[in-house]
Amino acid sequence: MENLKESPKIYAFLNRVRSEWPGVVERFEFKTGSVIYIHLKEGISSMDFLGKLSRKIETLVDFKAPIILYHIESDGMNLRSHPINWYSEINQNVAEPVNS
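The sequence shown runs 1 to 100 under my numbering.
Heads up, some of the hints might be wrong.
Only pairs whose alpha carbons sit at most 30 Å apart, straight line, appear in this in silico DSS-like list of lysine-lysine [claimed, not checked]: (1) K9 to K41; (2) K31 to K41; (3) K31 to K52; (4) K31 to K9; (5) K52 to K41; (6) K31 to K56; (7) K56 to K9; (8) K64 to K41; (9) K9 to K52; (10) K64 to K9; (11) K64 to K52; (12) K31 to K64; (13) K41 to K56.
Here are the simulated distance ranges between beta carbons [claimed, not checked]: (14) W86 to D48: 31 to 39 Å; (15) Y87 to T32: 28 to 36 Å; (16) E42 to K9: 26 to 34 Å; (17) E42 to K64: 17 to 25 Å; (18) T32 to V61: 33 to 41 Å; (19) A12 to R55: 29 to 37 Å; (20) R18 to N78: 30 to 38 Å; (21) Y70 to R16: 28 to 36 Å; (22) G43 to S7: 26 to 34 Å.
Hints listed in this document are in silico derivations from the structure and should not be mistaken for laboratory results. Predicted model, so just to flag it, every value in this text is computed and none were measured. Cβ atoms here follow ideal geometry from the backbone N, Cα and C, with glycine treated the same way.
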């Protein structure tokens with residue numbers, strides 16, 4: 001599984017997210033190999049965080065495995081999904097056209 005091979009890179013990515021926005025992330029929670037919850041600290045908007053992360057995502061991601069981040073506000077009520085590399089695996093698995 002690609003995520004297992006790239007898990008050190010995914011952990012490094014999460015550490016970069018935490019260091020880029022100190023005081024924003026409470027904790028990370030892995031639900032599956034490709035679904036990660038980012039629990040935000042009290043008073044942090046999931047919409048604002050998603051906007052900030054989206055603007056810098058290409059400079060932070062150095063892996064190819066598809067993952068989905070869920071940004072969860074401290075009250076647990078608001079969450080936003082954020083697919084990363086989601087189409088890279090699909091594109092790699094698309095069959096090449098056969099020449100006639």
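Practice prompt. Compare the structure with the hints numbered earlier in the document and write down the numbers of the violated ones, lowest to highest.
Written response: Hints 14, 15, 17, 18, 19, 20 and 21 not satisfied by this model.
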